[in-house]
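A.B. asks: Next come the chains, spelled out residue by residue.
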Amino acid sequence: MKQLRETFAHDTWVMPYLRKYKGLLILVLFLGFMTFFSGGALMFNSGYLISEAARRPSSIIYIYVPVVLARAFGIARPVFRYIERLTSHNWVLRIVSDFRKKLYQTVERKATTIQRSHQTGDILSILADDIDHIENLYLRTVFPMVIGWLLYLFVVIGIGCLNWVVSLLLVLLLGIIVIIMPLASVATNGVREFRQHQIQHEFYTNLTDEVLGLGDWLISGRYHDFMKLQEKPIKAIAALRRKDHFYQWWRSFFVQVLVLLSVLVLLIWSGQSLTGSKAAADWIAAFALAIFPAVSPFLNMSQGMSEWPVYQRSIKRVNQLDQNQPREVPQEKLSGNFEALKIDHLTFKYPDGDRKVVNDISMTVRSGEKVALLGPSGTGKSTLLKLMVGDLTPTAGKVMINGMPVSALQKNRAELFGILDQQPYLFDTTVMNNVRLGNINASDDDVKKAIEAVGLKSLIESLPEQYETHVQEAGRRFSGGERQRLSLARILLQDAPIIILDEPTVSLDPITERRLLDQVFALLKDKTIIWVTHHLAGIKHVDQVRFLEAGRFDMQGTPETLYQTEARFRQLYDLDRGKSVSNN
Amino acid sequence: MIDKRLLAMPGMRRYLGILGILVFIQAVSIIFQARSLSVAIVNLWNLEPLKTIFWPTVIFAAAFLSRHLLTVAENRVFFPFVEKTSGHLREQLMAKIFHLGPAEIEKQGTGNIVTMALEGIDKVQTYLMLVIIKILDMSITPWLILLYVLFLRWEQAIFLFIIFPVIILFMIILGLAAQSKADRQYEGYQRLSNHFVDTLRGLSTLKQLGLSKRYADNVFKVSESYRKETMSTLKIALTSTFALDFFTTLSIAVVAVFLGFDLLDGKVMLLPALTILVLAPEYFLPIRNFANDYHATLNGKNALSAVLEILGEPEMKQTKVLKDFTWQPDTTLELDKVSYTYPKAEKPALKDLSVTIKGMKKIGIIGASGSGKSTLINLIGGFLAPDEKNRIKINGNELPHLNQQAWQKNFLYIPQNPYLFHATLAENIAFYVDHATPEAINNAVKRAGLAAWVKTLPDGLDTMIGEGARTVSGGQAQRIALARAFLDPDRRVLLFDEPTAHLDIETEAALKQDILPVFDNHLVFFATHRLHWIGEMDYVLVIDHGRIVEQGTPAELTAKNGEYVKLRSEMGATE
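Residue numbers (my numbering), protein chains in the order written: chain A, 58 to 641; chain B, 16 to 590.
Keep in mind that the hints were calculated from the coordinates and are not lab data.
Note that beta-carbon positions come from the ideal geometry of N, C-alpha and C, so glycine has one too.
Only true hints are included.
Partial pick of chain A residues on the chain B-facing surface, computed with a CB cut under 8 Å:
#, residue
1, Val124
2, Arg142
3, Gly432
So the derived label-pair ranges between C-beta atoms look like this:
#, chain 1, residue 1, chain 2, residue 2, range
4, B, Ala466, A, Pro73, 52 to 60 Å
5, B, Asp232, A, Ala607, 39 to 47 Å
6, B, Lys359, A, Leu520, 18 to 26 Å
7, B, Asp553, A, Gly278, 25 to 33 Å
Work out the full structure, taking the sequences as your base and the hints as a guide.
C.D. replies: Structure, rendered in structure tokens:
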């Protein structure tokens with residue numbers, strides 16, 4: 058109970074929606090209740106019907122009402138059930154739409170524009186799974202539990218009207234099934250679930266490790282080691298699963314024993330109090346037959362409830378998302394054209410890090426300048442970019458555009474910065490739609506012009522569906538170079554004054570790389586370009602090269618001066634162009 | 016109805032026998048339970064005293080308990096078999112993964128394989144556990160009950176008997192209707208449900224383009240249209256369950272009404288009538304249970320098919336044709352018109368490659384991307400088998416392919432991103448060597464240029480690296496692979512596949528200084544499109560569209576002024 062309260066203490070994901078769609082929720086619960094009620098009533102009525110008929114009353118009139126009712130309940134049950142299932146799915150899917158929007162908005166606030174890999178994307182799919190879990194929480198746990206409890210109340214109150222002692226006994230017996238056992242299941246299963254999650258995670262990491270390193274395993278010939286590595290987690294999972302199964306089987310059996318006791322209580326009670334007259338005795342069969350369908354929704358309540366730990370984890374995770382939302386800064390609009398980007402004694406340290414990733418850097422990039430940034434991985438290149446565009450807030454120092462802090466220009470950032478990164482994302486829609494994202498007010502002709510500018514016109518027009526071709530998941534339809542060029546077309550439409558290039562050619566071969574870079578610099582010759590690159594191909598295009606080393610600049614100048622004055626630069630440049638140099 | 020592949024599982028028939036007996040006893044218990052309950056009720060209905068129902072109630076309770084104990088017993092008896100079978104399946108799958116090798120597994124998708132070994136086998140287990148017992152239940156229990164009802168009153172038995180196929184017929188018809196509608200919608204449907212993940216993954220791009228805020232409404236709208244589509248499919252999909260529900264429930268009502276009329280006419284006594292009424296729901300219970308778990312069984316069935324499909328993938332046989340040997344200065348490797356075609360591909364990826372290599376050479380493999388460089392490396396590594404056998408010779412021995420254990424003991428493969436295991440740094444370096452001494456490892460670390468970095472690590476060589484542990488930069492990963500080569504002097508053949516293309520130029524320059532010494536006294540295959548490496552090679556293969564268009568020493572090729580020179584200038588070389 059305590060953990061239940063903890064889970065929902067700052068909940069913005071479950072409770073608000075229960076309130077929002079209250080009407081439909083009540084309908085779902087009503088229909089669910091009616092389904093089981095009709096099932097019980099059918100047997101109740103049938104029991105009475107044949108008992109009464111067996112008295113051989115003089116006229117059919119005496120059993121007329123039960124005959125009609127039997128058919129009515131017989132039809133009502135499946136109809137209620139059908140509508141209930143439709144309504145509950147509809148309800149849940151409605152909530153899912155809200156969830157998705159909410160999740161999107163929450164994640165959007167934190168998302169950064171400079172991103173090196175799609176790994177974060179995997180975390181996001183976990184979150185998408187969490188939403189599915191919450192969906193199941195309703196369908197598999199909340200609805201059956203509440204409907205079960207409603208039915209429980211109905212049964213014990215109904216019997217209570219006839220005899221409160223019997224009712225009290227049933228409160229106890231059935232109460233164990235619908236309240237105590239689900240709670241006990243959560244307690245036992247919570248621990249087990251946690252353990253299982255751990256082992257499964259271990260197994261999963263081990264296995265991924267093995268499969269990704271398969272080449273090494275194969276060449277090393279370590280077949281037995283390979284097989285042995287999985288033995289432990291497999292055994293552990295099997296043992297847990299075995300326990301879990303045994304627990305479930307015996308739990309179901311125990312529930313049945315309680316059902317049996319309830320039937321016996323009813324039987325003895327009716328034997329004592331309903332055998333006074335023939336008319337009363339006709340009800341005995343009714344009660345005895347109705348009890349089985351009436352308790353049927355109780356049988357799976359423990360199982361539904363024991364899935365709670367899984368849902369709980371999901372609820373906690375999505376609720377955590379709401380915390381640590383970034384502080385909002387009052388936004389302004391840049392007046393006039395872009396003149397200069399000024400970085401002033403900029404220092405940055407990650408909150409949990411111990412070293413300054415960017416250490417007291419200053420530089421000014423004027424309109425139209427082209428700057429290349431180089432440096433080994435981990436020297437703060439991408440952090441510097443994040444600071445420039447305002448994804449990160451500096452620990453000290455400032456980033457200014459035309460003298461205004463970049464943090465105040467976030468709202469219209471897309472009008473300032475165009476970004477081409479390592480793996481630009483193409484959405485699973487048409488080429489036309491993808492390129493138009495650069496400027497959604499662009500006409501079809503504008504889009505086509507942009508595609509022509511990046512040299513993809515003939516390729517796209519040679520495809521059967523031309524501009525309406527679907528790029529498929531993550532742009533699989535096109536090669537790496539083509540994807541980069543489509544994104545470049547997007548940037549042309551976006552028409553922002555500052556272009557950030559974040560290693561756009563890292564996964565391309567040198568020929569494609571050269572062509573892309575020539576094209577980028579030709580098309581964007583009027584723009585200001587800040588280019589992070591890993592080697593020196595195309596370096597002739599820039600006015601300024603800066604090498605970052607441990608958060609500081611250590612070599613800078615035009616490519617020509619550097620080549621003449623810096624031996625190290627000359628060496629690297631020659632290496633890149635394939636001139637054989639030897640240092641030894 | 017029963018999956019034939021299940022019957023083929025070893026030991027399955029014996030368990031079917033045992034379970035069949037248990038289910039049979041269970042069905043008898045159900046009849047006893049119904050009969051004794053009815054007796055008790057009829058006694059009370061006749062206004063007889065409570066003590067007359069003592070024995071019927073005892074029998075009822077015993078039958079009831081026996082029935083549910085038998086459920087536990089069936090599961091208990093069957094579970095070890097299921098556990099063993101699915102465990103065995105998982106083992107087979109792992110062994111298969113090992114034998115298929117990385118090229119094949121990559122084709123299947125790493126995530127796919129991992130999910131299959133983990134969740135797929137779990138689903139198979141659930142499937143086995145559910146389906147066998149349910150099918151037995153469905154094929155024994157209703158018929159035994161029917162037989163008993165027939166003995167009580169044949170009219171009702173006939174009615175119950177006829178309604179059964181009607182239910183199944185309707186379920187099939189409606190199921191098919193729903194299926195075809197679902198199939199038609201599936202594509203659009205799938206796209207809609209993927210849309211959300213797609214949007215989240217592209218979020219940073221949306222943010223770059225300044226569209227991210229506006230997109231929230233789009234997310235909602237797409238989700239809503241997904242809901243509407245789903246609902247219209249569900250409306251039909253659920254009719255199949257509705258049919259089952261409708262016919263079973265209504266049949267019970269009909270039985271009750273008919274029994275009522277018959278009782279009224281005195282054609283039947285209360286006891287048999289009541290027994291039939293109690294048994295009617297039991298008659299339908301097995302099929303309802305089966306339908307309830309239909310989706311779980313369907314998932315399991317598909318998972319089983321997927322696993323069996325992988326197990327059925329052909330693997331390279333004859334991996335021991337080559338006798339143990341060590342690559343020596345006079346050893347030869349000969350490729351004679353070797354071709355390779357990817358499965359389902361129209362054109363071969365490699366066509367008629369002929370080359371002879373002797374001793375310790377440095378062989379550069381160059382070509383534009385997509386020309387077949389990596390395929391050639393995979394062929395030499397034995398991860399792929401050539402289209403025709405016996406076109407490869409080592410020391411004159413004809414080999415079907417290079418997936419030879421004796422060959423594997425001779426080479427090391429260093430790809431663009433060497434895989435680092437979730438293990439200590441020392442374990443990663445000594446992956447290929449049994450019982451490497453700490454001195455040997457330290458020496459390899461020094462020669463690979465890792466010593467300075469190792470000193471900065473909190474636990475030195477015992478630091479955990481790999482997934483979920485300390486991250487290692489691309490340059491250091493290459494050096495770890497290099498240390499593996501230094502540690503194992505018996506592996507004289509090195510296969511490099513673009514080891515430095517993705518590194519920044521300074522790291523690359525530094526790494527090159529440490530890679531060059533390992534070339535000495537080794538046969539090196541080096542696929543690359545970085546120009547500076549080509550200068551270090553003794554011999555170059557120029558590949559274009561799967562063919563070797565030129566081969567020779569760099570000097571020869573430069574003099575020839577052909578493909579080699581053309582490729583170099585396209586790559587931006589300054590001579």
